[in-house]
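Sequences and hints are given; from them, build the entire structure.
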Amino acid sequence: MINDSVIDRSKDITILELLDRVLNKGVILTGDIVISVADIDLIYLGVKLMLSSVETMEQLKSRRQRIEK
Amino acid sequence: MDKLIYCLLLAKSNHAKPETTLNSLKGVKEAGLVAVEYHNISAIISDVTEKQFIANKQHAVEFALVIDQLAQNYTLLPMRFGSMMDSADSVMEMLERNEVEIEDSLKKVKNKWEYGLKVLCDREKLKEELTAKKDNDTLNFVKPEIGSNNSVYKAYVLKKLNEHRAEEQILSFVDSILVEIKIYLQELKAVDKYKKMTNETTIIDAVFLLDKKKKKEVINMVKDLQQKHLQLNFLLTGPWPPYNFVELNLK
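Chains A and B, in that order, give the protein sequences. The first sequence begins at 1 in my numbering and counts up one residue at a time. The second sequence begins at 1 in my numbering and counts up one residue at a time.
Please note that the accuracy of each hint is not assured.
Unchecked claim - Beyond 10 Å from chain A on every Cβ pair, some chain B residues (computed): (1) Val61; (2) Asn73; (3) Lys110; (4) Arg123; (5) Tyr153; (6) Asn162; (7) Asn249.
Stated by the list, open to error - A partial selection of chain B residues facing chain A, derived with a Cβ cut-off under 7 Å: (8) Leu77; (9) Phe81; (10) Tyr243; (11) Leu250.
The set of hints was computed from the structure by calculation and includes no laboratory data. Think of the CB as a built atom: it goes at the ideal place given N, C-alpha and C, for glycine as much as any other residue.
Given below as structure tokens:
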């Protein structure tokens, strides 16, 4: 993160932005994803930013279950 | 043993081979990192010791930190958290199958950082301000006539009409802010993506990709915007690896 007053260095916001990116964005590997939803504290239901991440995790979980069947 | 894939990078974009950097880094659960190389591209991987990978917050952060640190020295494409394959050989085959697409994507993000810009406000307060301003300027809002025999129906219609106009004003205001941001970004030759009115407080949620050397210009842009619009809160985050600018589905 940039050390400048304009950049928000609030830890919570940075973590939310980071998780939003790492869970919802980036290169997708079709058919080889092996992931499970474990720690529910990953998900902040009160924060809208994280809602899409919840959906993504659930989709990944379902996809894994389908692959395993 | 399964392999967790962190990112794909351009191995020859830097004089140092990835191994030099990887020796000083630790992956998820302190696992050692290895580069699987195929021609000009590499995949950074680590062993997954547990049979089933656990997706928790700590692991997601550790995963992101590896990407962030490598992005300081290499042009890379971040993988989505949890991307795994069953062996290094499978990773190599995947690189071989997708070499052209990966190289093309890497070229698009070469020497670029991603930034996030959220424009936040108290929407109700903003609505009141815009309504008051419009009221004074043009008398555009319809006021119920005091003492007249307006029916309940008419009062309801007027209320809805005014609400609709207030909403239109907000949208128009948001568009004007967006135009301002886009003008700045055009000057910086940035590639941008944005969403409007994503929730009650966020009126603009933008991400943009621009040259690594233009960090100061981005900061100045946000400073300018903040000074012009004191009723809004501009939240800039970054620099990030180009998470929002990779649209790649590997087979």
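Results for each hint:
1. The non-interface label for Val61(B) is inconsistent with chain A: the shortest C-beta to C-beta separation is roughly 7 Å, within 10 Å.
2. With a least beta-carbon separation of about 17 Å from chain A, Asn73(B) lies farther than 10 Å from that chain, consistent with its non-interface assignment.
3. The Cβ of Lys110(B) sits about 16 Å from the closest Cβ of chain A, beyond the 10 Å cut-off, so the non-interface label holds.
4. Non-interface call for Arg123(B) relative to chain A: holds, since the shortest CB-CB distance, roughly 14 Å, exceeds 10 Å.
5. At roughly 36 Å, the least C-beta separation between Tyr153(B) and chain A is larger than 10 Å, which holds for a residue marked as non-interface.
6. Every CB of chain A lies more than 10 Å from the CB of Asn162(B), the least distance being 27 Å, so the non-interface label holds.
7. Distance to chain A contradicts Asn249(B) as a non-interface residue, since its nearest Cβ pair spans about 5 Å, not more than 10 Å.
8. Because the smallest distance between the Cβ of Leu77(B) and any Cβ of chain A comes to about 5 Å, under 7 Å, the interface hint for this residue holds.
9. Here the hint on Phe81(B) is kept, as its CB sits about 4 Å from the closest CB of chain A, short of 7 Å.
10. At a threshold of 7 Å, the smallest CB-CB gap from Tyr243(B) to chain A is about 4 Å, leaving the interface hint in force.
11. For the restraint placing Leu250(B) at the interface with chain A, the shortest Cβ-Cβ distance is roughly 5 Å, inside the 7 Å limit, so the hint holds.
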